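J.: Sequences and hints are given; from them, build the entire structure.
Here are the chains, one letter per residue:
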Amino acid sequence: MPSIEAQILETSVRELLIEKGVVSGEDIRRAIEAMDSRGESLGAKIVVRAWMDSEFKERLLNSSDDAIREFGINMSPMELCVVENTDEVHNMVVCTLCSCYPRPILGIPPAWYKRRDYRARAVREPRAVLQEFGTELPDGKQVRVHDSNADLRYLVLPKRPAGTEDWTADQLEALVTRDSMIGVSDVRRPEEAAA
Amino acid sequence: MENKYNPGDKVRILQRNQPGHVRTPIYVRGKTGVIERVVGSFPNPELLAYGNPGLPYKMLYRVNFKQSELWPDYGGPSSDTLEIEIYEHWMAPA
Numbered sequence: 684m685p686s687i688e689a690q691i692l693e694t695s696v697r698e699l700l701i702e703k704g705v706v707s708g709e710d711i712r713r714a715i716e717a718m719d720s721r722g723e724s725l726g727a728k729i730v731v732r733a734w735m736d737s738e739f740k741e742r743l744l745n746s747s748d749d750a751i752r753e754f755g756i757n758m759s760p761m762e763l764c765v766v767e768n769t770d771e772v773h774n775m776v777v778c779t780l781c782s783c784y785p786r787p788i789l790g791i792p793p794a795w796y797k798r799r800d801y802r803a804r805a806v807r808e809p810r811a812v813l814q815e816f817g818t819e820l821p822d823g824k825q826v827r828v829h830d831s832n833a834d835l836r837y838l839v840l841p842k843r844p845a846g847t848e849d850w851t852a853d854q855l856e857a858l859v860t861r862d863s864m865i866g867v868s869d870v871r872r873p874e875e876a877a878a
Numbered sequence: 034m035e036n037k038y039n040p041g042d043k044v045r046i047l048q049r050n051q052p053g054h055v056r057t058p059i060y061v062r063g064k065t066g067v068i069e070r071v072v073g074s075f076p077n078p079e080l081l082a083y084g085n086p087g088l089p090y091k092m093l094y095r096v097n098f099k100q101s102e103l104w105p106d107y108g109g110p111s112s113d114t115l116e117i118e119i120y121e122h123w124m125a126p127a
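In order, the protein sequence lines correspond to chains A and B.
Our numbering puts the last residue of the first sequence at 878; the count rises by one with no breaks.
Our numbering puts the last residue of the second sequence at 127; the count rises by one with no breaks.
Everything labelled a hint here was simulated from the structure, so no lab data went into it.
Owing to the predicted nature of the structure, the values given are computational and were not obtained by experimental measurement.
Warning: the hint list may mix true and false statements.
As the list claims (entries may be wrong) - Here are the in silico distance ranges between beta carbons for each label pair:
1) A:E771 - B:H122: 45 to 55 Å
2) A:L692 - B:I59: 41 to 51 Å
3) A:K703 - B:G41: 45 to 55 Å
4) B:L80 - A:R798: 27 to 37 Å
5) B:N85 - A:G708: 28 to 38 Å
6) B:N85 - A:R712: 28 to 38 Å
As the list claims (entries may be wrong) - Heads up, simulated EDC-like pairs for lysine to aspartate or glutamate below, C-alpha to C-alpha not over 20 Å straight-line:
7) B:K99 - A:E848
8) B:K99 - A:E808
9) A:K842 - A:D736
10) B:K64 - A:E808
11) B:K99 - A:E771
12) B:K99 - A:D822
13) A:K824 - B:E102
14) B:K37 - B:E121
15) A:K842 - A:D770
Glycine is no exception: its CB is placed at the ideal position from the N, C-alpha and C atoms.
T.: What follows is the structure, given as structure tokens:
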């Protein structure tokens with residue numbers, strides 16, 4: 684929660700901007716609506732495109748900002764960093780200093796992402812945190828935590844589940860959850876989505 | 034802007050007490066890691082946060098640490114790692 688001082692400051696600045704005709708109430712409402720409407724479905728589209736198109740995946744991993752421009756997303760002044768889950772590596776994202784999050788792609792972060800216990804524990808005991816999210820990983824799989832502390836924003840590219848080789852893009856998108864793109868879980872199991 | 038470090042270089046994060054909008058969390062200060070990639074130059078957040086343009090820009094890197102380096106009593110496998118963004122003026126060759 685923002686401090687009461689910050690809320691008073693925000694209200695004062697907003698009212699002044701409206702009073703002086705710099706922006707209208709409608710402009711602000713629209714901006715909030717646009718912000719709220721962004722969500723995991725955009726992220727899921729990007730992930731599925733990478734699953735189905737290896738040339739796109741290559742670009743997504745190596746020049747992420749360029750790759751997502753096709754989806755009408757502009758991360759500026761931040762940059763996107765996409766990290767890929769494999770048989771050997773599981774990636775997980777946290778911002779220990781505040782709550783940096785790839786908002787243009789995933790929308791508003793979940794409440795737990797901003798909590799102090801998640802932020803402190805994700806770097807200190809990531810496997811215990813993953814377990815609480817229901818994600819059990821074998822010791823042989825490396826856990827790589829990404830602290831989103833500065834100018835990059837992170838998106839996890841989850842693994843495509845086996846047995847989905849002939850699935851359509853729409854079917855695949857239904858597997859990709861917000862949490863799987865933050866890296867606290869895997870995607871939905873194919874049998875779960877088909878049910 | 035030239036980058037002083039390259040991927041694979043070993044660096045030590047400076048142990049410095051500095052108030053203000055510092056993006057180097059305490060848990061990596063004094064620790065040794067390896068440059069994962071050169072991200073590029075960005076406005077200095079320590080100035081940017083206070084209404085300055087953040088000049089001169091600072092080179093930003095992603096640094097990879099072994100979890101066992103960050104937390105001597107880390108409970109997971111020794112292969113577990115953490116990656117974080119560190120500005121050049123917060124590191125020295127190790």
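J.: A separate judgement is required for each hint: does it hold in the structure or not?
T.: How the hints compare with the structure:
no., hint, verdict
1, A:E771 - B:H122: 45 to 55 Å, "violated (34 Å)"
2, A:L692 - B:I59: 41 to 51 Å, "violated (28 Å)"
3, A:K703 - B:G41: 45 to 55 Å, "holds (54 Å)"
4, B:L80 - A:R798: 27 to 37 Å, "holds (30 Å)"
5, B:N85 - A:G708: 28 to 38 Å, "holds (32 Å)"
6, B:N85 - A:R712: 28 to 38 Å, "holds (32 Å)"
7, B:K99 - A:E848, "violated (36 Å)"
8, B:K99 - A:E808, "holds (13 Å)"
9, A:K842 - A:D736, "holds (14 Å)"
10, B:K64 - A:E808, "holds (18 Å)"
11, B:K99 - A:E771, "holds (16 Å)"
12, B:K99 - A:D822, "holds (15 Å)"
13, A:K824 - B:E102, "holds (19 Å)"
14, B:K37 - B:E121, "holds (8 Å)"
15, A:K842 - A:D770, "holds (8 Å)"
The structure fails hints 1, 2, 7 (numbered hints given earlier, in ascending order).
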